[in-house]
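Asks: Sequence:
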Amino acid sequence: MKQIKWIFVVFAVLAAASIMGIGVAIGEESILGVIGSILVLIVVMGFGFKTKAKYRENGEL
55 MKQIKWIFVV FAVLAAASIM GIGVAIGEES ILGVIGSILV LIVVMGFGFK
105 TKAKYRENGE L
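Residue numbers for the sequence shown, in my numbering: 55 to 115.
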């Protein structure tokens, strides 16, 4: 069994939290909250994919 890459767990939790933030913002009828949560999600997913590519280049994944 391979070792857990904890950085990816952190990215997954942050992405899930931002998706939950979108739901909360919709419930609160906050357009700024929805936009902010979507932006956070895009940034977190971008960093996650960038990190995954870096790990693949180095043969660590």
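Since the hints were made in silico from the structure, they are not lab data.
Please note: incorrect hints may appear among the correct ones.
[What the hints assert, rightly or not] Taking lysine-lysine and the DSS-like style, the derived pairs with C-alpha atoms no more than 25 Å apart in a straight line are:
hint, residue 1, residue 2
1, Lys59, Lys104
2, Lys108, Lys59
3, Lys106, Lys59
4, Lys56, Lys106
5, Lys56, Lys104
6, Lys56, Lys108
Treat the numbers as computed from the prediction; the structure is a model and nothing was measured.
Asks: None of the hints should be skipped; say for each whether it holds.
Replies: Evaluated hints:
1. The suggested pairing of Lys59 with Lys104 holds, with an alpha-carbon distance near 14 Å, which does not exceed 25 Å.
2. For the hint pairing Lys108 with Lys59, the CA-to-CA distance comes to about 13 Å; that is within 25 Å, so the pair holds.
3. For the hint pairing Lys106 with Lys59, the CA-to-CA distance comes to about 10 Å; that is within 25 Å, so the pair holds.
4. Taking the CA atoms of Lys56 and Lys106, the gap is near 15 Å; set against the 25 Å cutoff, the hint holds.
5. With a C-alpha separation of about 21 Å, the suggested pair Lys56 and Lys104 falls inside the 25 Å cut-off, and the hint holds.
6. A threshold of 25 Å between alpha carbons decides the hint, and for Lys56 with Lys108 the separation of about 18 Å falls inside it, so the pair holds.
Of the numbered hints listed earlier, not one is contradicted by the structure.
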